[in-house]
Amino acid sequence: MNLINAYSFLPIHAQLSDSIDALFSKSAAEVVDSDLVNALPRANVIEKEDVLRIDVVAPGYSKEDFEITVDEGLLTVRAKIEENIGEESSNWKRREFFNSRFTRVFRLEKYGRGGEVKAAYEKGILSIEIPKMKEKARSIEIS
Amino acid sequence: MQVIARIPNQRRYAMKRAPKRVNDFNLSIPVNLKECDDHFELQLAIPGFEREQIAIEFKEEDTLVIRGSVKKNEETGQFHQKEFVPRSFEKAFTVGDSIDKEKISASISQGVLIINLQKREEAKKEAPRTIEVF
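Line by line, the protein sequences give chains A and B. Everything in the first sequence is counted per our numbering, starting at 1 for the first residue and increasing by one. Everything in the second sequence is counted per our numbering, starting at 1 for the first residue and increasing by one.
Treat the hints with care, since some could be wrong.
To be verified - What follows is a list of derived Cβ distance ranges for each label pair:
id	chain 1	residue 1	chain 2	residue 2	range
1	A	71	B	97	21 to 27 Å
2	A	82	B	82	47 to 53 Å
3	A	68	B	57	35 to 41 Å
4	A	118	B	72	23 to 29 Å
5	B	109	A	40	46 to 52 Å
6	A	96	B	98	30 to 36 Å
7	A	73	B	30	29 to 35 Å
8	B	100	A	68	41 to 47 Å
9	A	103	B	97	42 to 48 Å
10	A	103	B	88	28 to 34 Å
11	A	137	B	70	41 to 47 Å
12	B	31	A	101	19 to 25 Å
By construction, these hints were calculated from the structure, which means they are not laboratory data. From the three backbone atoms N, C-alpha and C, an ideal C-beta is built for every residue, glycine too.
Please model the entire structure based on the sequences and the hints provided.
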């Protein structure tokens with residue numbers, strides 16, 4: 001006995017369901033062919049007294065998966081990981097999250113010019129601490 | 001035989017089904033469920049939670065309830081960007097008879113809670129059978 005949903009008679013339905021299937025069975029990067037389309041991890045940026053802290057929420061990774069670079073006032077967090085979405089696909093009864101590659105860039109503006117940037121990965125959150133640049137009072141001579 | 005499913009009156013249906021109060025964070029806790037030969041693995045992504053904040057219990061024999069509690073957020077400092085706030089949550093799953101309720105274990109690692117649900121002996125996956133055709 002077949003149970004047919006009334007909607008399946010509409011031709012658009014077949015097309016749509018194919019695209020939707022593709023969305024769920026492949027990662028976004030495969031569908032659109034880019035590194036940047038992956039859902040970006042959420043992040044908090046908190047300014048403390050002497051540091052600027054960036055918390056990137058990325059559960060389930062390991063410390064080695066991350067690459068953090070600071071260049072010209074831009075801090076880039078990259079997760080380099082073999083995507084595992086296709087792994088034993090038949091065993092998954094429900095799949096609502098998986099680890100994917102991502103790149104997220106933060107503008108540091110006045111922070112991070114000099115000083116040591118520290119990072120720690122705990123409880124699925126990558127915390128990056130950037131020391132604040134201390135502005136020294138300057139006196140400007142009038143010539 | 002083919003049966004065409006009736007299209008329910010969408011609006012009435014939605015009204016009937018709508019929960020009274022939706023805790024959007026509950027909806028935003030993603031869950032993975034993997035079936036292996038002798039157990040199920042339930043994974044919950046709960047970044048920011050520690051072991052002590054998680055409580056797992058059985059309710060009414062077949063409902064597995066997972067609770068995470070967060071104390072008041074005491075983060076001091078000025079937020080320039082705030083996309084994530086850990087909140088208390090409660091998630092419930094119905095566990096079928098195929099699970100051995102005495103053999104449930106859980107672990108947490110880097111923000112992912114993994115619950116192992118051992119299957120009962122009789123529910124373990126058998127090798128596919130071939131049926132002879134006469």
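Hint numbers not upheld by this structure, sorted from lowest to highest: 1, 2, 5 and 6
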